[in-house]
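Reading the sequence shown from the start, the letters are residues 1 to 142 in full-length UniProt numbering.
Treat the hints loosely; a few may be bogus.
Claimed, not checked - In silico DSS-like links for lysine-lysine, alpha-carbon gap of 30 Å or less:
{"id": "1", "residue 1": "Lys115", "residue 2": "Lys97"}
{"id": "2", "residue 1": "Lys97", "residue 2": "Lys76"}
{"id": "3", "residue 1": "Lys8", "residue 2": "Lys27"}
{"id": "4", "residue 1": "Lys76", "residue 2": "Lys27"}
{"id": "5", "residue 1": "Lys97", "residue 2": "Lys141"}
{"id": "6", "residue 1": "Lys20", "residue 2": "Lys138"}
{"id": "7", "residue 1": "Lys138", "residue 2": "Lys76"}
{"id": "8", "residue 1": "Lys76", "residue 2": "Lys20"}
{"id": "9", "residue 1": "Lys76", "residue 2": "Lys13"}
{"id": "10", "residue 1": "Lys108", "residue 2": "Lys97"}
{"id": "11", "residue 1": "Lys138", "residue 2": "Lys97"}
{"id": "12", "residue 1": "Lys76", "residue 2": "Lys8"}
Just so you know, the hints here were simulated from the structure itself, not pulled from any lab data.
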Amino acid sequence: MSNIDELKSTGLKATLPRLKILEIFQKGELRHMTAEDVFRVLLMERSDIGLATVYRVLTQFEQAGILSRSHFESGKAVYELNEGRHHDHFVCTSCGKVEEFFDAEIEKRQSIVAKAKGWTIQDHAMSLYGLCADCGGKQAKA
């Protein structure tokens, strides 16, 4: 499915800002980006899409189910493509890097704990905070 078809299938018109921002998430190096990250990429590409438009498009994409939004300790909204697969996150408290992971044993254990407490899990988000390999290595050398 082309990006134009993908946008139309969610009820959104295929405008240039929407197509550019969708392409940034699909082809960019970073999977998790703030509005400011997206805006920086657009500036590097010499695009004339403003920050207010970036915020508006990200909100529209979230409402349409194209993007998922998370709030980590930085307090800023972080967006990623919604690919329909559950995963959890590691978040570096030094550089802000976000890395995805999935562990079937953790998922299973959460269900066991919920059942023992009489809860039914409908959804969850788990974020683990610490130092990424790069930052942990720098700290060990210091």
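Distance restraint between Lys76 and Lys27, which requires alpha-carbon spacing of 30 Å or less: The given pair, whose Cα atoms are some 22 Å apart, holds under the 30 Å limit.
Holds or violated: Lys108 to Lys97, with C-alpha atoms at most 30 Å apart: Within the cut-off at roughly 27 Å; holds.
Restraint status (C-alpha distance of Lys115 to Lys97 at most 30 Å): violated (33 Å)
Hinted pair Lys138 and Lys76, Cα distance within 30 Å: holds (25 Å)
Satisfaction of hint between Lys13 and Lys76, Cα-Cα up to 30 Å: holds (27 Å)
Agreement of Lys76 and Lys20 with the hint, judged by alpha carbon distance not exceeding 30 Å: holds (22 Å)
30 Å limit on alpha-carbon distance, applied to hinted pair Lys97 and Lys76: Distance of about 13 Å is within 30 Å: holds.
Pair hint outcome, Lys8 versus Lys27 [Cα-Cα no greater than 30 Å]: The hint holds at about 20 Å.
Given hint Lys138 paired with Lys20 - CA-CA distance at most 30 Å: violated (36 Å)
Given pair status - Lys97, Lys138, alpha carbons within 30 Å: Since the Cα atoms of Lys138 and Lys97 sit roughly 15 Å apart, the hinted pair holds (cutoff 30 Å).
Pair hint outcome, Lys76 versus Lys8 [Cα-Cα no greater than 30 Å]: holds (29 Å)
Given hint Lys141 paired with Lys97 - CA-CA distance at most 30 Å: Given pair Lys97, Lys141 holds - Cα atoms ~20 Å apart, limit 30 Å.
Checked against the numbered hints given earlier, the structure breaks hints 1 and 6 and satisfies all the rest.
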